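**Student:** The primary structure of each chain is shown beneath.
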Amino acid sequence: MTEIAQQIRRDIVTMIRSARSGHLGPSMSCVELLVSLYFDRMNYRPKDPTWSERDRLVLCKGHAAPALYATLARAGYFDYEELLTFRKAGSMLQGHPVSRTPGVDVSTGSLGQGLSIANGIALAGRLDGKSYRAYALMGDGECDEGQVWEAAMTAGHLGLSNVTAVIDRNGVQSDDATEKVKRKEPLDRKWRSFGWQVLEIDGHNLTQIHRSFDLAESTTDRPTVIIARTVKGKGLSFLEGDANSHNASFSEEDLEWAMDELRSWE
Amino acid sequence: MPPLKEELGKILVELGREYKDMVVIAGDLGKSTGASSFEIFPERYFNLGISEQDMIGTAAGLASAGKIPVVSTYAIFLVGRAWEQIRNSVARDRLNVKMIATHAGISPYADGASHQCFEDIAIMRCIPGVTLVLPADLSEMRHAVRAAVETTGPFYIRLARGEIPRIFEDDDEFQIGKARRIKDGPDVGIIASGFLVPEVIKAEALLRKEGIRATVLDMHTIKPADNEAILEVARQTGAIVTAEDHNLLGGLGSTVAEILHGETPVPVEMIGIHDRFGESGELGQLMEMYGLTALHIANAAKRVIKVRDLGNRRGLRS
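Quick note, the sequences are listed as chains C and A, same order. To convert, note that position 162 of the first sequence is 162 in the numbering used here; the numbers rise steadily by one, no gaps. To convert, note that position 90 of the second sequence is 90 in the numbering used here; the numbers rise steadily by one, no gaps.
This is chain C alone, in the form it adopts within the complex:
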């Protein structure tokens, strides 16, 4: 899985290079989380994307679309070559996810809306007596949004144990460090007080991610949020943790260099 993660990082750089835009930093930080979901955790059938028993992922932080697309391609939803059409006219790989892409259940891109959707999916699953789970991959910046806390209250109130939220806690949002823009901490206590089981892990450590998903699955009385501490721009030394990396545009030279660095890991 470490190798898949590295491959996906290279794919992300390739896509953003080809599109000449896209969110590099926030895509890099959630790669292990997505790899763990798609290559270890979730049940799905790439050739039957609407299979009724599938687990669902809502990419609440829709700007990490490059990471999702690269993961979906590697998981077999569509050809790798499609990745080169990212952000281009006529492509199914839009700047932010849309549901016409195989493997994308709901369109996202506007922050703060995804957790409510995951709750709705989980409620439907509960009503139908299905065992699928709803995963919400959230950004830490989007925890500024009021709707996140409305949804947190709903899932806590309804005891939606089939919802797992994962917060990509990379500490940086669009303008600046998250704690500088609007203080999020103590994030764990906030979620706990809303009725959630809170797990804090290293979001690049596949073993820790695996264990936290196990724990979420075995908890049957409340939803789980995994606060995954990550590094924005992970894998690219010139970018890691940089407050300016959210939606920066990169020169061809930077991206060439990024690719070299990722290749050197092999």
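Derived by calculation from the structure, the hints in this document are not laboratory data. Nothing here was measured: the structure is a model prediction, and the numbers come from that model. It cannot be assumed that every hint is accurate.
Unchecked claim - Covered, in the sense of this in silico footprint (three residues per stretch, anywhere, with C-beta under 8 Å from a C-beta of chain A), are these stretches of chain C: (1) 93–107; (2) 118–125; (3) 141–153.
Every residue gets a Cβ at the ideal spot worked out from N, C-alpha and C, and that includes glycine.
Chain C is already provided as a structure; the job is to place chain A on it using the hints.
**Tutor:** Here is chain A on its own, set in the frame of chain C:
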């Protein structure tokens, strides 16, 4: 006249018995809208509290997993508070979410400006793919809610508060997107939706007493609009009045004018809210103050007839 909320509750329960995938989401106003009647299916009724954005998002998730969620609260909160959620989480994916708003327009008269929603048609009309219906009476409400549940895609149904009139028979033909002619007359065409339809019927009677015979069109579906019916009335009468309890910017009048201007540019007089906020008062007082009464409508009809005739005379001279 029967209380709207009781009747809405009845139709929801009736549909809930037929459609096991139907769920109802309320926002702490279930008792005011009538949605709480659905509590007889406790596993399919969710009161999500005072959180409209979360209501819409949860409905989007439910719909994406095959349910038929009906979301109901006051118009201003439902589409005002959660407009971007409706656009981005529901409409972009053409999700099967049924938004049933009550307390729209002038109807929460005593509550004042915060509750009187005069903007919902404008802001919902510009979201692609949302069907927008304004039932004028009990039978139209029943038909519209049933059609919403039975038709795939996002629906917005705009209702008032208080009592709901009876104008049509239940077995009268009702079809989404098909305006219905209530009266036929050659002199002027009056087009109305929802709450003001009864007032327009009164205006037609006033005009008839003065020898003016009006066609009255109940345009219950604003989107998709019945272009053909509107153009036909315009061709037959050459003078149009629209009537709505909504801001004149972007509502029914605007819709009709957009349809007419290219093919049949006849003069149009618009009755509605003149780009202002509401205020508290008795219903009758506010109808007078906002210029929405039958007399206002009848006078508008006379004005537009004059404009048409003046234009015709000028046309003859040139």
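**Student:** At least three residues with a C-beta closer than 8 Å to a C-beta of chain A: is that true for the segment 93–107 of chain C?
**Tutor:** The restraint on the segment 93–107 of chain C holds, since 5 of its residues have a Cβ under 8 Å from chain A and three suffice.
**Student:** Examine the segment 141–153 of chain C: at least three residues should have C-beta closer than 8 Å to a C-beta of chain A.
**Tutor:** holds (count 5)
**Student:** Can you tell me if the segment 118–125 of chain C counts as covered by chain A, using C-beta to C-beta distances under 8 Å and a minimum of three residues?
**Tutor:** Since 8 is at least three, the answer is holds.
Checked against the numbered hints given earlier, this structure breaks none of them.
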